[in-house]
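Asker: Please model the entire structure based on the sequences and the hints provided.
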Amino acid sequence: IHAQPGVRAKSDGRYTASPDTRVLPAPLPWLLVELDAANVGNDEYALRNEAFAPCFAVVTLAEKEPAEFLCAATKLSSKIWGSLCVGLVVHPDVERTSPLLVDMTVPQLSYGCVIINSTGALGYMIEQAVWGAFPGERLEALESGTGHVKNILCLNNISQSVVRAPFISRIQATRGTALDPHIARSLAYILVKPSIMSLSSLVFSLAKFTASWFYQVLAKSLTYKVLPAGHISEPRVDKK
Numbered sequence: 354i355h356a357q358p359g360v361r362a363k364s365d366g367r368y369t370a371s372p373d374t375r376v377l378p379a380p381l382p383w384l385l386v387e388l389d390a391a392n393v394g395n396d397e398y399a400l401r402n403e404a405f406a407p408c409f410a411v412v413t414l415a416e417k418e419p420a421e422f423l424c425a426a427t428k429l430s431s432k433i434w435g436s437l438c439v440g441l442v443v444h445p446d447v448e449r450t451s452p453l454l455v456d457m458t459v460p461q462l463s464y465g466c467v468i469i470n471s472t473g474a475l476g477y478m479i480e481q482a483v484w485g486a487f488p489g490e491r492l493e494a495l496e497s498g499t500g501h502v503k504n505i506l507c508l509n510n511i512s513q514s515v516v517r518a519p520f521i522s523r524i525q526a527t528r529g530t531a532l533d534p535h536i537a538r539s540l541a542y543i544l545v546k547p548s549i550m551s552l553s554s555l556v557f558s559l560a561k562f563t564a565s566w567f568y569q570v571l572a573k574s575l576t577y578k579v580l581p582a583g584h585i586s587e588p589r590v591d592k593k
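Start counting at 1 in the sequence shown, then tack on 353, and there's your number in the numbering used here.
Worth flagging that the hints you see were computed from the coordinates, not collected in a lab. One or more hints might be untrue.
What the hints assert, rightly or not - With a straight-line cut-off of 27 Å between C-alpha atoms, the simulated DSSO-like cross-links for lysine-lysine are:
| no. | residue 1 | residue 2 |
| --- | --- | --- |
| 1 | K503 | K561 |
| 2 | K546 | K561 |
| 3 | K432 | K417 |
| 4 | K417 | K428 |
Answerer: Rendered as structure tokens:
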């Protein structure tokens, strides 16, 4: 909320959001919780309670090798509350040297949606996937719930969805890359003054950005350079 246009602090520390001058509370301070996996118990508060606040918990694992690290992280996940969604960030070098490592790890993760190299929101956005807790939660001890939504293909007996993305893709904001100004402005307005008009503006900006991105990807995928023998044309489309 504390972004342009129109958010400012008063002398008493309160915040207002123009143009409707709603009084907002002062922003909460950030909280970073750093934990050592060797000392984390099954009832660790930071891992067993969902914080609706700017709180970030980091657990450090001693394992250095990718296979050992993923094994330890998988075991640690059983101490974390909820089974809705989990994310893995896997460097391309790791997948190159151990191509089966991720495929072997995913079935051991008891989460309804496993996201590889992207945000959990992407799992919810894909209609063909399912979004819900991992099967098996009991009614007397619910964490993420039972059942799921989406699944427009109407598949039966689904345990989880797996969504994979490149390590760095066009939908990610990288260092030195500015957010599209029209999208940023629309987001600011919908936070400051929610309305049908501000929502429509955001949808239009996103549609325009997506159309532009799709055109660039399509143009690049259909463009080839003719080079002498022994060279690989760039960009290329790998055929499998």
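Asker: If you check each hint against the structure, which ones fail?
Answerer: Every hint satisfied by this model.
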